[in-house]
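*Asks:* For reference, the chains in residue letters:
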Amino acid sequence: MSQSILIIDDDAILAGLLKLTLELEGFSVTLASNGEIGLQKVKSEQFDLILLDLVMPQIDGLKFLRLLANSGVSRPPVMIVSSAIDEVLSDQHRELGVVDIARKPIEPAQLVERARRALKATHAKVQG
Amino acid sequence: MTALSPPTEFERAISAGTAQSRHRPARALRGAIVRRELLLHWLGPVCLGLLLALIHVLGVFANADGRFFDAVTVGQASGSPKVVIVERDAEFESLGTSRFSMLNASLNSIGIERAGYLSEDYVEASASDIPVVVAFAAKELPTNQIWELSESAPAYGSAVKSARSLAPEQYGINRSQSPSLPAQDGVLPVFDAALADINPSRGEYLIPMPRRRSIPILKASQLIGGQIHDGEMNGLVAMVVEPKSLQGSLNTPLDPYGRSTSEAQFRAHSVNALMAGTATFKARDWEVWLLLLALALLLAVIFRERDPKRLAVLIPVSLNVFTIAASWAVLLFVGKLLPVTALLLCPWFITFQRMIARETSQDRRLERSVSDAVQSSFERSALREGARLPQFLASAAQYAGVERSLLVQMLPNGELKFVASNNASMKDISSASTKVVPFLKDVRSQRQIKDAALLVPSWGGETRVGWIGAGSQDLFWIHSKPDTVTPGKSAHLVRAIASSFSEVFNWRAELNARDGHEARHRPIDDRVASAIALVADESGQIRHGYDAITTAITVYHLIGSPLHANDAMWAIYEEAGLNLFDTSLAEALLTLTDLDEDRVTALIEDLMLNGSEMRMPMRNFLDSKQPSERLLRVAATGGQSNGRNRVLVLEAIDMRDANKAADLRKAVAKFIDLQLRNDLESILLGSQLAGDKRLDTDQIDHVVGQISDTARRATGRLDEVAGMIRSEVSDLTEACYPVDATSIIKDAVGRTSAFADELGVVVKADHPDVVSFIIAEPNALKDMLIAMLRVIIADTPHGGVVNLKFEECDGRAIIRVTGGFGIAFDRLLWLIANYEEGAVGEFRAIGEGIKKVTSWSASVSYWGSGSNGLGFNIDLRGVG
Numbered sequence: 001m002s003q004s005i006l007i008i009d010d011d012a013i014l015a016g017l018l019k020l021t022l023e024l025e026g027f028s029v030t031l032a033s034n035g036e037i038g039l040q041k042v043k044s045e046q047f048d049l050i051l052l053d054l055v056m057p058q059i060d061g062l063k064f065l066r067l068l069a070n071s072g073v074s075r076p077p078v079m080i081v082s083s084a085i086d087e088v089l090s091d092q093h094r095e096l097g098v099v100d101i102a103r104k105p106i107e108p109a110q111l112v113e114r115a116r117r118a119l120k121a122t123h124a125k126v127q128g
Numbered sequence: 001m002t003a004l005s006p007p008t009e010f011e012r013a014i015s016a017g018t019a020q021s022r023h024r025p026a027r028a029l030r031g032a033i034v035r036r037e038l039l040l041h042w043l044g045p046v047c048l049g050l051l052l053a054l055i056h057v058l059g060v061f062a063n064a065d066g067r068f069f070d071a072v073t074v075g076q077a078s079g080s081p082k083v084v085i086v087e088r089d090a091e092f093e094s095l096g097t098s099r100f101s102m103l104n105a106s107l108n109s110i111g112i113e114r115a116g117y118l119s120e121d122y123v124e125a126s127a128s129d130i131p132v133v134v135a136f137a138a139k140e141l142p143t144n145q146i147w148e149l150s151e152s153a154p155a156y157g158s159a160v161k162s163a164r165s166l167a168p169e170q171y172g173i174n175r176s177q178s179p180s181l182p183a184q185d186g187v188l189p190v191f192d193a194a195l196a197d198i199n200p201s202r203g204e205y206l207i208p209m210p211r212r213r214s215i216p217i218l219k220a221s222q223l224i225g226g227q228i229h230d231g232e233m234n235g236l237v238a239m240v241v242e243p244k245s246l247q248g249s250l251n252t253p254l255d256p257y258g259r260s261t262s263e264a265q266f267r268a269h270s271v272n273a274l275m276a277g278t279a280t281f282k283a284r285d286w287e288v289w290l291l292l293l294a295l296a297l298l299l300a301v302i303f304r305e306r307d308p309k310r311l312a313v314l315i316p317v318s319l320n321v322f323t324i325a326a327s328w329a330v331l332l333f334v335g336k337l338l339p340v341t342a343l344l345l346c347p348w349f350i351t352f353q354r355m356i357a358r359e360t361s362q363d364r365r366l367e368r369s370v371s372d373a374v375q376s377s378f379e380r381s382a383l384r385e386g387a388r389l390p391q392f393l394a395s396a397a398q399y400a401g402v403e404r405s406l407l408v409q410m411l412p413n414g415e416l417k418f419v420a421s422n423n424a425s426m427k428d429i430s431s432a433s434t435k436v437v438p439f440l441k442d443v444r445s446q447r448q449i450k451d452a453a454l455l456v457p458s459w460g461g462e463t464r465v466g467w468i469g470a471g472s473q474d475l476f477w478i479h480s481k482p483d484t485v486t487p488g489k490s491a492h493l494v495r496a497i498a499s500s501f502s503e504v505f506n507w508r509a510e511l512n513a514r515d516g517h518e519a520r521h522r523p524i525d526d527r528v529a530s531a532i533a534l535v536a537d538e539s540g541q542i543r544h545g546y547d548a549i550t551t552a553i554t555v556y557h558l559i560g561s562p563l564h565a566n567d568a569m570w571a572i573y574e575e576a577g578l579n580l581f582d583t584s585l586a587e588a589l590l591t592l593t594d595l596d597e598d599r600v601t602a603l604i605e606d607l608m609l610n611g612s613e614m615r616m617p618m619r620n621f622l623d624s625k626q627p628s629e630r631l632l633r634v635a636a637t638g639g640q641s642n643g644r645n646r647v648l649v650l651e652a653i654d655m656r657d658a659n660k661a662a663d664l665r666k667a668v669a670k671f672i673d674l675q676l677r678n679d680l681e682s683i684l685l686g687s688q689l690a691g692d693k694r695l696d697t698d699q700i701d702h703v704v705g706q707i708s709d710t711a712r713r714a715t716g717r718l719d720e721v722a723g724m725i726r727s728e729v730s731d732l733t734e735a736c737y738p739v740d741a742t743s744i745i746k747d748a749v750g751r752t753s754a755f756a757d758e759l760g761v762v763v764k765a766d767h768p769d770v771v772s773f774i775i776a777e778p779n780a781l782k783d784m785l786i787a788m789l790r791v792i793i794a795d796t797p798h799g800g801v802v803n804l805k806f807e808e809c810d811g812r813a814i815i816r817v818t819g820g821f822g823i824a825f826d827r828l829l830w831l832i833a834n835y836e837e838g839a840v841g842e843f844r845a846i847g848e849g850i851k852k853v854t855s856w857s858a859s860v861s862y863w864g865s866g867s868n869g870l871g872f873n874i875d876l877r878g879v880g
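Respectively, the protein sequence lines represent chains A and B. When the letters of the first sequence are read in order and numbered with the working numbering, they come out as residues 1 to 128. When the letters of the second sequence are read in order and numbered with the working numbering, they come out as residues 1 to 880.
No wet-lab data here; the hints were simulated from the structure. All values derive from a computational prediction rather than experimental measurement. Yeah, the Cβ is synthetic: ideal placement off N, Cα and C, and Gly gets one too. Hints may contain errors.
Non-contacting residues of chain A with respect to chain B, defined by C-beta distances greater than 10 Å in every case (computed) [claimed, not checked]: (1) Q46; (2) D48; (3) R103; (4) R114; (5) K120.
Calculated cross-link-like contacts (lysine-lysine; reagent style DSS-like; alpha-carbon spacing at most 27 Å) [claimed, not checked]: (6) A:K63 - B:K670; (7) B:K139 - B:K309; (8) A:K63 - B:K427; (9) B:K435 - B:K450; (10) A:K19 - B:K139; (11) A:K63 - B:K435.
Quick list of the computed label-pair ranges, beta carbon to beta carbon [as the list claims (entries may be wrong)]: (12) A:K43 - B:D766: 16 to 24 Å; (13) A:D91 - B:N579: 36 to 44 Å; (14) B:R599 - A:A69: 50 to 58 Å.
Please model the complete structure; the sequences and the hints are all you need to start from.
*Replies:* Next up, the structure:
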């Protein structure tokens, strides 16, 4: 069974291309155009990884993380893919479930590799 | 625009004076002036003193000096007479030739020492008992100017021969006598000197004739008859005279106009003076030269230390009193008549000369100072170029809506000469009409602006002509009536331009006339007044100019005291609680900056020594927690060689515009950074996918289409900001551009937090945690948002909550600020709509913000009710 990834990004073109790239690599990808929709998806479906953009209307990425943390649902690992952040993973990020930060633009192959790494680390953590 | 053409002859004439003044070697000239003044200071008095001495020696003052002599001697006390007059009465004359021997014997017996016969008929029949002097008529030989006696009666025996001569009268008055006359074999004693038995070689002497002196007159027959006791007249001399010699015939000091003094009396006084040693001699020429020279030098010394104008009366009067007293004393006790008149006149002449010289010198210095002041004041002024002034007039008039203008000069012969023009020429002036010159003369004499249709009929429409003068020149300005949408304002402006031009031109002409012929006839006061008016006028204009500058400036004297501050700096001083007049530069820096005293001292020292400038942030007096938006710049002007003119300038530079520009560029850069990263990511992904062989043709076409869309989107974003990046700062300051709403909201909330804390109000802000782009001018938006928050915080009861919410929807972003107890909508509407009529600062900021937001495609709405709070909604365009 393929691993499922939720992409939350308001940029429809970018989200579509990401979806296609990841699907070619065997992932099952779902799209959400903002944090509110993303939150609904997480509550209704199981995802192995969330690729999250930060700059979005209404509920932005950080607010999504806070709402997710407070929602009580099981949190999938989150990989932030955004242009509005440095690639420094802080404790605060870890507390909110963030496992990796990728700053746009990122090479597609590297993105896929980092997504796999994040999934693997999470899987190992769950098994352990 | 009027092109600036080469100066006309008239213009060159107007500017000539300034140019000459400019090229003078001022220091050398000043040195020459000082040397010349020093020379004149001594030379003037000396020359005047010597001139008076010369006049005295030439005898011009003889009468006046004689009058002084008369006044002193006529009233003086009389001693005992040394001479007695013996009248040859008829009885004596009847005694025959032996009568003289008999008289001599009688004279001898009463104690007479010497007898003098004032007649040539003396016959010595036998040897005389006493020495006898006989007066003979003397005649001057015309060839060699020597005298000889006419000895028609040679039977004088052993008697001493003498000349019966009188010294020439002085201005009709006999008061002097010569002791001798030049003769073939030396000198010929005059009768008086021979009778007094004094050395005849002494010069002419003046005869004191005290009114109270009584010369005894005896009859010869009485003496012979033995009526006088023996020895009764011991030590006297007797002057034996004929009755006719006792008749009044001379004008003397005793009775200057009566001719009542007889020759016998006059000679008796003369003999008495010689014998008593009271004969007075005039000061010798060299003594006169020396005395007057000394007095002149004394006055020169006095006036070197003192202002002659202040002592113009005191010094001459004092010296005159001293001169009179000294001359009186010398006359009485030394027997010398000083050059009184010359000595009396000398102080007045020299005082007057020094006053004139000082006035001239002061005028010259004043004129030079004025000239320097004017040159210095107008060194960087267009006014310096007087030659261009007429062209400035034409240009200025054009701005005021004057379509055509012509500046002409009327020469003394009535000919009109071109000076400057705008869209007109001399050909426009009606040459056929003989009324032109009389008409212009009327315009000049009446000082009125008149209809110029007579002068320039070809212009059509309404035209005007006015005399605007130019010193002694006749300048007439002919122009069309201003044609603008505000004719009243334009006409007023044209009048102001003409009036200002006339004033400036006349002042220039007046000042420049200093080197010309006219200047000699024009009082310096007029030129000084013109200069002061000119300098004061431009100072006022410069001051107003400074006030129009938004940058705040204070100019300090080198010693640190303030010289001038513009309105903007006054406001800053007021804001800082400083009084400009008594605040030194050091005190101002200590208050306006965070520098300590040591650093301020070091800063000023360095500036004064090395010039240059320094910049430092200025304190924010309104909110000490916030950084100031002003930068202080302190600079010293001038090089070390010109320390006297150095000033220190304190400038408060408003950084808001610069900050706005910086904010804009930063915001644009951030926007590009964030947005383009998305686009680049899409392009990277797309290009990678497009080459992926796992995709079919449709998928590849879709991906390529996505790449194209992304590229177009990126290009559109670049185009959106490219114009802003290329714009000048001045264009950018009020421009709207993509800005991060989150940071603006955070900033606004932060700036009102202290106010909210103070009132016990909580501000709840709901906004994105990361960037959210909107289109706005950030400072205007922030000011408005702060004002809205402050209004609602102020209206919220203690413990209440003010809400700020940021929402994004369909490409729009809305900032909602709500809370407060409530303000009736009508009242709120009035406060915001009428902020220009004195509403408080917050409503002013909101009102101004509402005006601005429309240019960002944004809008502001608000609501309020008496008790249900109030709120503001800022609807902005989102982007990104």
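*Asks:* For every hint, state whether the structure bears it out.
*Replies:* Quick rundown of the hints versus the structure:
no., hint, verdict
1, Q46, "holds, 26 Å"
2, D48, "holds, 21 Å"
3, R103, "violated, 7 Å"
4, R114, "holds, 14 Å"
5, K120, "holds, 22 Å"
6, A:K63 - B:K670, "holds, 21 Å"
7, B:K139 - B:K309, "violated, 57 Å"
8, A:K63 - B:K427, "violated, 84 Å"
9, B:K435 - B:K450, "holds, 14 Å"
10, A:K19 - B:K139, "violated, 159 Å"
11, A:K63 - B:K435, "violated, 93 Å"
12, A:K43 - B:D766: 16 to 24 Å, "holds, 22 Å"
13, A:D91 - B:N579: 36 to 44 Å, "violated, 56 Å"
14, B:R599 - A:A69: 50 to 58 Å, "holds, 51 Å"
Violation of the numbered hints given earlier is confined to hints 3, 7, 8, 10, 11 and 13; the remaining hints are satisfied by the structure.
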